[in-house]
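Visitor: Chains as they are written, first to last, in the numbering used here: chain A, 1 to 318; chain B, 1 to 532.
I should point out that these hints are in silico values taken from the structure, not numbers from a laboratory.
Please note that a few of the clues may not be correct.
[Said to hold, decoys possible] Okay, the calculated bits of chain A under chain B, using three or more residues with CB under 8 Å as the criterion:
1. 20-29
2. 261-267
[To be verified] Here are the computed distance ranges between Cβ atoms for each label pair:
3. Ala419(B) with Val306(A): 27 to 35 Å
4. Glu493(B) with Val61(A): 31 to 39 Å
5. Glu235(B) with Val169(A): 22 to 30 Å
6. Val13(A) with Ser390(B): 40 to 48 Å
7. Asn158(A) with Arg334(B): 54 to 62 Å
8. Asp76(A) with Asp466(B): 48 to 56 Å
9. Ile128(A) with Gly284(B): 39 to 47 Å
10. Arg204(B) with Asp76(A): 18 to 26 Å
[Claimed, not checked] Which bits of chain B does chain A cover? Going by a derived footprint, with three or more residues having C-beta under 8 Å, they are:
11. 252-262
12. 497-509
Note that this is a predicted model, so its numbers are computed, not measured.
Idealized CB from N, CA, C, for every residue including glycine.
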Amino acid sequence: MIRYLGLRMLSAVPTLIGVVAVTFFLLRALPGDPAVILLGEFATEESLAALRAELNLDQPVLVQFSEYVRGILTLDFGNSAITRQPVMDVLRPAILPSLYLALAGVGFATIVGVPAGITSAVRQGTWIDYTVMLLTIGGISFPVFWVGLVAIVTISANFAYFPATGSGVVGDVASTVRHLILPAIVLGFAVAAYIARLTRSAMLEVMRQSYVIAAESLGIPRRKVILRFALRNALAPILGVIGVSFAWAIGNAILVEFVFARSGLGSLILRAVSSRDYQLVQAGVLILAISVVIVNTLLDMVNSVVDPRVRASTMGGR
Amino acid sequence: MRRTSTTRWLLPLGVAIALVASACGGGGDAEPSSTEAPAAPESSATEDSPAAGGTLRVRIGGDVGGFDPASIFQIENQSVAGHVFNGLLRYNEATNEIVPDLATEMPTVSGDGLTYTFTLRQGVQFHAGYGELKASDVVFHYERIKNPDTGSRYAAQVAIIDSVSAVDDYTVVFNLASPNANFLHTVAAFNQGWIVSEAAVQDRGDDFNLNPVGTGPFEIGEYIPGESMSLTAFEDYFGGRASLDEVVFVVIPDESTAEVALVNGEIDAIFALSSPDVVDRLRGNGDVTVHQRTASFVNNLVLNISKPPLDDVRVRQAIAHGINRQAIQDDYFRGLRGSADSWLTEAFQEYTDDLRTYPYDPERARALLEEAGAVGFTFEITGPALVPYSEQVVFVKNDLDAIGINTVLNIVERADYGALRASGNIMASVTSVTGPPNPENPLVTLFASASAPPGMNHGSYSAVDDLLAEARAISDPAARAAAYGEIQRVVAEDIPAIPMYSYQLATATRAGVEGYVQNSYYTFYAYPITLR
Chain A
1 MIRYLGLRML
11 SAVPTLIGVV
21 AVTFFLLRAL
31 PGDPAVILLG
41 EFATEESLAA
51 LRAELNLDQP
61 VLVQFSEYVR
71 GILTLDFGNS
81 AITRQPVMDV
91 LRPAILPSLY
101 LALAGVGFAT
111 IVGVPAGITS
121 AVRQGTWIDY
131 TVMLLTIGGI
141 SFPVFWVGLV
151 AIVTISANFA
161 YFPATGSGVV
171 GDVASTVRHL
181 ILPAIVLGFA
191 VAAYIARLTR
201 SAMLEVMRQS
211 YVIAAESLGI
221 PRRKVILRFA
231 LRNALAPILG
241 VIGVSFAWAI
251 GNAILVEFVF
261 ARSGLGSLIL
271 RAVSSRDYQL
281 VQAGVLILAI
291 SVVIVNTLLD
301 MVNSVVDPRV
311 RASTMGGR
Chain B
1 MRRTSTTRWL
11 LPLGVAIALV
21 ASACGGGGDA
31 EPSSTEAPAA
41 PESSATEDSP
51 AAGGTLRVRI
61 GGDVGGFDPA
71 SIFQIENQSV
81 AGHVFNGLLR
91 YNEATNEIVP
101 DLATEMPTVS
111 GDGLTYTFTL
121 RQGVQFHAGY
131 GELKASDVVF
141 HYERIKNPDT
151 GSRYAAQVAI
161 IDSVSAVDDY
171 TVVFNLASPN
181 ANFLHTVAAF
191 NQGWIVSEAA
201 VQDRGDDFNL
211 NPVGTGPFEI
221 GEYIPGESMS
231 LTAFEDYFGG
241 RASLDEVVFV
251 VIPDESTAEV
261 ALVNGEIDAI
271 FALSSPDVVD
281 RLRGNGDVTV
291 HQRTASFVNN
301 LVLNISKPPL
311 DDVRVRQAIA
321 HGINRQAIQD
331 DYFRGLRGSA
341 DSWLTEAFQE
351 YTDDLRTYPY
361 DPERARALLE
371 EAGAVGFTFE
381 ITGPALVPYS
391 EQVVFVKNDL
401 DAIGINTVLN
411 IVERADYGAL
421 RASGNIMASV
431 TSVTGPPNPE
441 NPLVTLFASA
451 SAPPGMNHGS
461 YSAVDDLLAE
471 ARAISDPAAR
481 AAAYGEIQRV
491 VAEDIPAIPM
501 YSYQLATATR
511 AGVEGYVQNS
521 YYTFYAYPIT
531 LR
């Protein structure tokens, strides 16, 4: 197991290097001079030159890159050009809120979406099926910021228990949870739609298989057939979409963060791109890439636990 | 088998109903009407203390980035800095009159206008135990901004200072390179005018940016990135300890969310409101007071007079007559913008309304175009991808198309826009010059040939260069007003930039917030506020 994890982490390193390199060069290909953006148009030539030297921008791009890589190897990710703080100090307070929102949102989406999808598949063609499908169309089509605003205006405005803004007091569990409820539901509504639809398709696919029909005709209780035979085999793509949604939600819940005034990695990175705060963008993208790698690894591990065929080929085989 | 003939059409019908329902409910405004009933504010969050004390929570639309006067910009940062620092002089919040702050009185100016002598108050303390303010701090502060190694964005503003020196502990002398009465604006408490503690800057280095030390009524407190910035009252403030105990700036990017938070009692004030819907609803709420005043800036359509046919004054006048600016102010901005015929507003001491104006007159516009032989010319307007600028140009295009100008809109990302605007190659830009009420701010930036390029004087308009140089040397207020009035008149005849509207500042405060006075430059100042 340790060996497996170690090998997985090692094989992720080339991916991370690639992500870092692409981000680095793409940023410098963007139009707009960071020095001018940071100092304004009325800055003197000397000030601009001094800032460019300080940010290493007057060097050739490859030299800048090698400086940056050298920094990373000593765990120095640079300073934010705007606040002058080390970028990790800027990003660190945003990691937990993003993580909580992603967990709560995708968790809610799973709890609601998977049973909805199963019920829909099992009762295919009935009122229940159509209702669920209708709701999922809503979840996919309604813009998440609109859903968020509606939630704030109808629920927060009338029930002060559900705050409209912020992530709560750091360290206070009750406060954090209270501030998560509405944003998680709003985010989860959209994700649940995808999960429900995918679950439904996967279940329908599996329920048509001969072994399911055989299990039914053998007299095994319906419930057991659905959960133990059908669902277990349909789980692979479902887990896939859950994992991908989670990885996505960590860095892309920007609209929900905006509407609910929560800090988060996605919002920070977006702001950093607008102000051409290169170091902050690079570090933020690196964190997101690492989180995706971790989520994918966890996903594979869960898959192998659930599905013996996968277990044999990934871990036994190596 | 499971799909009967009746159920076959049920799903599409249901979908159609859902789409129609969401279009009716969600079209246009995102907010349903349930907010009309004024909710009784939950009092759990507000302090029910007597006249003194309390925490004031103020909404800001974006996170703060730093408070070092050498590099500060954006209203969120300036609002915080206004509480932490003082300047030699300051603006009266209501009238923009320049009055003494850290100085005991207005400076003595030498006969040739080149030497300014300030006498400092004694016993003014810096925060965090950094001792008494001395003339050496003032000298250090301005030399630091002038120093190219600091990389200050305000180095150009203080370039007029040849030298600054401390005669004794409480006397500072500035020697200017040329006479400029607007130097009083340069040392007023805003941006480069905010005085820092020399010892603290040397102690804290880069950390000073987020942990500044000044002499102001509030000290810097806890910063939670992306969420809030707290300030605590400074007990030894020379002007008397503030009534409030704490001011917290809370980041809420979306204005509708901020509105709900205000009505809910999660926050106490929202400044720099920009959504007419939000302002209208807040006006209708009995528990909220909406303050409004004219800002000290104007939005302009800046024309490049070096690009034909814009070099012909008749074409520029045609464009000015051809845009229905009143309709844009009334219908699009719905009260959050006012009329502007000058590049200064009533918030400036040097404002005048005695100049040539360009009321909406499409026939006149068309006649001028024909006279100039420019009907049908291609006019490209470059604007930033930022609401409302990206949207207001659509109205401009409509109006100009109607009078026979082939208008093309080029909306680009903000960083890109800055570069394009500074290049001198575009035909027209959408530009406001923001900042404190120094008349040189807009007039020099837009109309002095030294500003271009890089700069906003796209076509190197130079007709008022001499007048600007004369006006800045005048210190008598009446003569100043006359001189700047003359400049506005000349520019109005040449119309190289068309004033589109003046900004109306709107701030909403909850019941219980008293003593608030709105300034004209978009920042929030809480020192005079008491919480009932």
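Visitor: Hint by hint, which ones does this structure get wrong, listed from lowest number up?
Guide: 1, 3, 4, 7, 12
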